[in-house]
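Colleague: Full structure from sequences and hints, please.
If you read the sequences in order, they're chains A and B. Residue 1 is where the first sequence starts when you use our numbering, and the numbers rise one by one after that. Residue 1 is where the second sequence starts when you use our numbering, and the numbers rise one by one after that.
Be a bit skeptical, because a hint or two may be false.
[To be verified] Among chain B residues calculated to face chain A with C-beta under 7 Å, some are:
no.	residue
1	F22
2	P102
3	F132
4	R133
5	P134
6	E137
7	V153
8	Q156
9	Q193
10	I210
11	Q223
12	G230
13	G250
14	D252
15	Q254
16	A257
Treat the hints as calculated values from the structure; they're not laboratory data. Because the structure is a prediction, the values reported are computed rather than measured. We treat Cβ as the ideally placed atom computed from N, Cα and C, and that holds for glycine.
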Amino acid sequence: MLFTTEIIGAWFAVFLTLAIFSFLYKDNPFYKAAEHLFVGVSAGYWASTFFWTQIQPNLFGRLWPKVDGEMGGLRAAWYGIYDFFGWFHSGIFPDGGIDKGHEMNLVYMVPFILGVFMLFRLSRKLGWLARWSMAYVVGLAAGLRLYGFLNSNILAQVRGSALPLFDGWGTAINSILIIIGTLTGLFYFFFSKEHTGMFGKISRVGIWFLMISFGAAFGFAVMGRISLLIGRFYDLIQFSGPEYHHATYWLLALIVIILGVQAFRERGRHQTESA
Amino acid sequence: MDKNKFINILIKLGKVDRRVIFLLIAIVVLIPLIKPLGLPIRATETTQRSFNAVDALQAGDRLLMSFEYGPSTKPEIHPMSEAVLHHAFLKGIKVYVVCLWPDGQFMAIDALNAIAPQYNSVYGKDYVLLGFRPGNEAVVKGIASNLRKLYTVDYQNTLVDSIPMMEGVYNLKDFDLVFSFSAGYPGTVEWVQYGSDPTGVPMTTGTASIQVNEIIPYENAGQLRGVIAGMPGAAEYEALVGKRGLGTSGMDAQSIAHLVIVLFIIFGNITYFLERKRSQKKY
Numbered sequence: 001m002l003f004t005t006e007i008i009g010a011w012f013a014v015f016l017t018l019a020i021f022s023f024l025y026k027d028n029p030f031y032k033a034a035e036h037l038f039v040g041v042s043a044g045y046w047a048s049t050f051f052w053t054q055i056q057p058n059l060f061g062r063l064w065p066k067v068d069g070e071m072g073g074l075r076a077a078w079y080g081i082y083d084f085f086g087w088f089h090s091g092i093f094p095d096g097g098i099d100k101g102h103e104m105n106l107v108y109m110v111p112f113i114l115g116v117f118m119l120f121r122l123s124r125k126l127g128w129l130a131r132w133s134m135a136y137v138v139g140l141a142a143g144l145r146l147y148g149f150l151n152s153n154i155l156a157q158v159r160g161s162a163l164p165l166f167d168g169w170g171t172a173i174n175s176i177l178i179i180i181g182t183l184t185g186l187f188y189f190f191f192s193k194e195h196t197g198m199f200g201k202i203s204r205v206g207i208w209f210l211m212i213s214f215g216a217a218f219g220f221a222v223m224g225r226i227s228l229l230i231g232r233f234y235d236l237i238q239f240s241g242p243e244y245h246h247a248t249y250w251l252l253a254l255i256v257i258i259l260g261v262q263a264f265r266e267r268g269r270h271q272t273e274s275a
Numbered sequence: 001m002d003k004n005k006f007i008n009i010l011i012k013l014g015k016v017d018r019r020v021i022f023l024l025i026a027i028v029v030l031i032p033l034i035k036p037l038g039l040p041i042r043a044t045e046t047t048q049r050s051f052n053a054v055d056a057l058q059a060g061d062r063l064l065m066s067f068e069y070g071p072s073t074k075p076e077i078h079p080m081s082e083a084v085l086h087h088a089f090l091k092g093i094k095v096y097v098v099c100l101w102p103d104g105q106f107m108a109i110d111a112l113n114a115i116a117p118q119y120n121s122v123y124g125k126d127y128v129l130l131g132f133r134p135g136n137e138a139v140v141k142g143i144a145s146n147l148r149k150l151y152t153v154d155y156q157n158t159l160v161d162s163i164p165m166m167e168g169v170y171n172l173k174d175f176d177l178v179f180s181f182s183a184g185y186p187g188t189v190e191w192v193q194y195g196s197d198p199t200g201v202p203m204t205t206g207t208a209s210i211q212v213n214e215i216i217p218y219e220n221a222g223q224l225r226g227v228i229a230g231m232p233g234a235a236e237y238e239a240l241v242g243k244r245g246l247g248t249s250g251m252d253a254q255s256i257a258h259l260v261i262v263l264f265i266i267f268g269n270i271t272y273f274l275e276r277k278r279s280q281k282k283y
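Modeller: Encoded structure:
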């Protein structure tokens, strides 16, 4: 039996899929192993990708871009620091600077320092420095989001709710429904007045619209989950073929047998304890 | 059979172990995958509008595709991205790919490697993969204002200045259409907020089912040209392009599974009301 890297990968994929599915029976070591592996690999992959797509080319690449020819004075001293780093890891800091198409821009020292501050979170004494970085991130995100939401989610949506009423019966009914739904929904979320009398009746209509919306969201959620199940089943069917040495059948049998033995043992133990 | 006995059986069935339901769903999904039924597929208006937006582009126009999904939503969104790539290469549209998710880059490589060779499309001339950049909405804002500042190299570390089709491309306004393939944050919402709305560049999207409710208001308000919704949307786009793919072949299983789930919901409600009625009678 020949096991190429592709076949080993397929066996691994089948094992992890079945290990995750095994949770539907009950929590078990296969599921735990797959879950932990997923979390670890995801964290490692994200960290590595962030470093090689942003920090190395766009941060270090702007602080120490590749230079041709002789350097003197301050610039030579600056690149002396770079050479010192390069002594530790020449892959990150290659000889002569980082060639990613950037010009030198020392303003990027600010994000570099803020990034280093973030790592001080691990220190009890200097942990407070990380707050500066967090404050910057939170402030930036809040500012960016405020602008985006105000423009696209409030102004554009208000404009979008100005609908034509007299463009055929279908359009008229649709427009009236959207307007009633929007207004009654907004009434429901107005909490400064008690929801009684006419106000209560209107907000109750709002609840109906919200319920329909939640129903649609639930329907879409089911559709999405079934699609993911279909995706996994595709792979399981594909990897059950002879070219993959029937990986699905072998691993399914192995997992079922081990879980069965475990269940049998647990049952025996429970019976002994209760006796 | 007397009425009480029948109600007893129904109530008992209503309390069936959840694992039996899992097993039934697995069976009804598996059978149509092994033996397809060939149920008809008809494009919904939102998918048709997405198709029309791409179809309106001319040969040589620039399409920016953004991959914001990973392996977890691949079955839903990958068929869409492949169908749109078919459409774009068929029409001679220049395709520029960026990724807001790190695993989106894998998805993009996979889709481009599968589709581009079928049309003899050349990297750097007909399509380019600029790759992933971290920063979420800041990346979209960066592309909108100055793409060259964010992307000095492509995903293979080739200098962007040396890629022929990057000539004349400096920011979002240099594109004719944005197509976002999104499974969450950052994704379509961020492209609308920081890309399409501020620049006025037309945009359309393909999203995971779970995101559709969040996205549809943007389409209704005209901020998006169209929406491809989940796997059914992918199947519809495949039908419009005339390229059957994973979306189409998954639709039988999807339809049957929905039918079974609806039956379960109806059955669950009937048994719930029967049980409630019985307990009310007792007291």
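Colleague: All hints are to be evaluated individually against the structure, with a verdict given for each.
Modeller: Each hint, compared with the structure:
At a threshold of 7 Å, the smallest CB-CB gap from B:F22 to chain A is about 5 Å, leaving the interface hint in force. Because the smallest distance between the Cβ of B:P102 and any Cβ of chain A comes to about 4 Å, under 7 Å, the interface hint for this residue holds. The restraint placing B:F132 at the interface with chain A holds, with a minimum CB-CB distance near 5 Å, inside the 7 Å limit. About 6 Å separates the beta-carbon of B:R133 from the nearest beta-carbon of chain A, less than 7 Å, and the hint is met.
For the restraint placing B:P134 at the interface with chain A, the shortest Cβ-Cβ distance is roughly 5 Å, inside the 7 Å limit, so the hint holds. Annotation: B:E137 was flagged as interfacial toward chain A, and the flag holds, the nearest CB pair being 6 Å apart, inside 7 Å. Below 7 Å, beta-carbon pairs count as interface contacts, and B:V153 has one with chain A at about 5 Å; its hint therefore holds. A least Cβ separation of about 12 Å between B:Q156 and chain A goes past the 7 Å threshold, and the interface hint is therefore violated.
Here the hint on B:Q193 is kept, as its CB sits about 3 Å from the closest CB of chain A, short of 7 Å. Evaluation of the B:I210 hint against chain A yields a held restraint, the C-beta minimum of about 5 Å falling below 7 Å. Residue-level restraint check for B:Q223 holds (minimum Cβ-Cβ distance to chain A is 6 Å; threshold 7 Å). Because the closest C-beta pair between B:G230 and chain A is about 5 Å apart, less than 7 Å, the hint holds.
With its C-beta approaching chain A no nearer than about 4 Å, B:G250 sits inside the 7 Å limit, and its interface hint holds. Using the Cβ-Cβ criterion of 7 Å, the hint placing B:D252 at the interface with chain A is not satisfied: the shortest such distance is roughly 10 Å. Because the smallest distance between the Cβ of B:Q254 and any Cβ of chain A comes to about 6 Å, under 7 Å, the interface hint for this residue holds. Among the interface hints, the one on B:A257 holds; its C-beta lies about 5 Å from the nearest C-beta in chain A, closer than the 7 Å criterion.
Comparing the model with each earlier hint shows violations of hints 8, 14; every other hint is respected.
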